[in-house]
Amino acid sequence: MIPVQAYFVVSAILFIIGVIGAITRRNAIVVFMSIEMMLNAVNLTLIATSSYLHSIDGVMFVFFVMTVAAAEAAVGLAIFLMMYRKKDTIKLDEFNLLKG
Amino acid sequence: MMQQAPAFTIVILLLTSFWVPIIGMIKKESAYYLSLIAIFFSFLAACATLYTVITSGPIHYRMGGWPPPWGIEFVVDYLNGGVVVLISLISLLTTISAKKSVEQEIHRSKWPLFWSLYLLLILSLLGMTETGDMFNMYVYLEVSSLTAYGLIAMGERGALLASFNYVILGSVGASFYLLGVGYLYIATGSLNMADLNKILPAIYHSKVIFTAFAFFIVGIGLKMGLFPLHMWLPDAYTHAPSAISTLIAPTMTKVSAYVFFRIILSVFNPQFSWEVIPAATLLRWIAAVGIIYGSIMAIAQKDIKRMLAYSSISQIGYIVLGIALANQMGLIGGALHIFSHAFAKGCLFMIVMAVIYKTGIRNIDDFKGLNKKMPFTMAAFCLAAFSMIGVPPTAGFFSKWYLVLGTVSGRHWFLTAVILMSSLLNAVYFFRIIEKIYFSSFVGLVNGGHGHHEHHEVVAVAEAPLGMLVPILIMAAGILAVGLFNTQIIHLLLQFIVPKGLA
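Sequence order for the protein chains is A and B. First residue of the first sequence: 986, per this note's numbering; consecutive thereafter. First residue of the second sequence: 2, per this note's numbering; consecutive thereafter.
Don't read these hints as lab results, they were simulated from the structure. Note that this is a predicted model, so its numbers are computed, not measured. Fair warning: there could be bad hints in the mix.
[As the list claims (entries may be wrong)] Stretch by stretch, here's where chain B covers chain A in the computed footprint (C-beta under 8 Å, at least three residues):
1) 1042-1050
2) 1058-1064
[Unchecked claim] List time: in silico DSBU-like cross-link candidates among lysine-lysine, alpha-carbon distance up to 35 Å:
3) 303(B) / 199(B)
4) 1071(A) / 373(B)
5) 437(B) / 1072(A)
6) 1071(A) / 199(B)
[Claimed, not checked] Ranges of calculated distance between the beta carbons of each label pair, as one might list FRET restraints:
7) 1070(A) / 56(B): 30 to 38 Å
8) 1070(A) / 232(B): 22 to 30 Å
9) 1070(A) / 468(B): 31 to 39 Å
For each residue, glycine too, the CB sits at the ideal point set by N, CA and C.
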């Protein structure tokens, strides 16, 4: 039997990796993946808690979070696609340089 | 009927936002009128909600009759009843004045989608204000962010990058908030605000609660553009379509500021937020730096929308300062500042929208002699600017006055100096424009190139269209009303937020 704390530790590590990725990486796709990772880390926390407390709330929350994450990726990538069509690059630094 | 009012504020907008794109496919112009009618009825429902709260106390509304831990509960008390009416009033006025500007700036084929997202944004802001559940709050927060990303991206050149930056920062902020929710759920097994308020005091020294609190502050701070987390705000306000800047500047950051109040005062106890962890001390310093930083950056700007955006960062500092002072006057000042700043900033952005619509002017240097062209609009500009500076009897004076009283009664002399200094800086950047408007003669944009000799010709009055002018004047009247009736507002709504036994 794996203790519930183990899940929390794993999800905290995933969250931190996500934050670092979102802040430091300059490739837009990787930034989006990092943000998805943060959200999924929270999902892991919610599911672990839900099963530990024998309640169904956490699982319900996870469905909402998954929907939100999908919507966010859709909006973000749509905006990103428009930028790519205009500038022909996926590096965030170059968008800043070419601004104006 | 009156019992259902809190649900109506949301449901009317939700159903209309679904139908607007469908009906809009047949007739593009109908999208605007449908939205306007929906927002008007939502405003009536908000007024009915506030009336019920004032006459018979806070409302606990359960969606579909489900009991709180499973169902969604709307809790409307004195503070958020006021904020709901404020948000829906400003949305209504913005919608009325935005018609012409949207027709000018947004391509015709996109109107139905634009208005549909616009309704969703207003609905999510009202939802954030009314909800009594931490997870439900997250869902509304995400709906408001997602719609704002789309709406900002519809703006001029540069809007895409601004929106993209906001997508990344906003998503990171929302994830922080969500992890805070997750940790509260681990520690308590409940996410209802009233429940949490009862359960939490027993476990206040748990490290999980500290972490959750910190995550909430960062998540909401990002959403409201609190000083070190404001990076998305200036670009987003500057490049968004004028109608969207006008909607999100007075409402979105104010709603987040209200959520800040709610989390610090009624999810966590004030004793926890101010005594168990020294959050107040930290927030005081952040707010003070933010106030000065926003004002100084505003002075350096040439674009008027960008200047107002930086001034928003400074004003958010005032609201947070009010919370962080942790005394009666500070809290009342902070809460009153939500109202006074919403009116003043809404009025200023509406004026900018009218000026951009009428003349295309955005650079502050081109405001020369605009009083001859748009006398009523510029008079309203002065009034709103006076409120931002804090000249009596405008609303800004009274909220700043309560804040100063709060700093004095807390013996924070440095913060008193910060508020006074920031008022001076506000005066610098607003009088710079007022001087241009009233004391330099108008040199039209067309003959700006060869304007060597002084132009003294009479400029024809070309006032903003009535649909824009009336909302501007109502907002200006609102600034005066919040100022003159500030004691009534405090007695009716705001005095209840002060926790018992606080000096």
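* Pair hint residue 1071(A) and residue 199(B), alpha-carbon separation not exceeding 35 Å -> violated, 54 Å
* Holds or violated: residue 303(B) to residue 199(B), with C-alpha atoms at most 35 Å apart -> Cα-Cα ~51 Å, so violated.
* **Annotated coverage of the segment 1058-1064 of chain A by chain B, confirmed only when three residues or more have a Cβ within 8 Å** => holds (count 3)
* Annotated coverage of the segment 1042-1050 of chain A by chain B, confirmed only when three residues or more have a Cβ within 8 Å -> holds (count 5)
* Distance restraint evaluation - residue 1070(A), residue 468(B), Cβ atoms, bounds 31 to 39 Å -> The hint (31 to 39 Å, Cβ to Cβ) holds, given that residue 1070(A) and residue 468(B) are roughly 36 Å apart.
* When you take the CB atoms of residue 1070(A) and residue 232(B), is the distance between them in 22 to 30 Å? -> Taking Cβ atoms as reference, residue 1070(A) and residue 232(B) lie about 25 Å apart, which means the hint holds.
* To do: Sort out whether residue 1072(A) lies within 35 Å of residue 437(B), counting only the CA atoms.
  => violated, 38 Å
* Asked: Using the C-beta atoms of residue 1070(A) and residue 56(B), is the stated range 30 to 38 Å upheld?
  -> Given about 56 Å between the Cβ atoms, the range is violated.
* **35 Å Cα cutoff - pair residue 1071(A), residue 373(B)** => violated, 41 Å
In terms of the numbered hints stated before, the structure departs from hints 3, 4, 5, 6 and 7, listed from lowest to highest.
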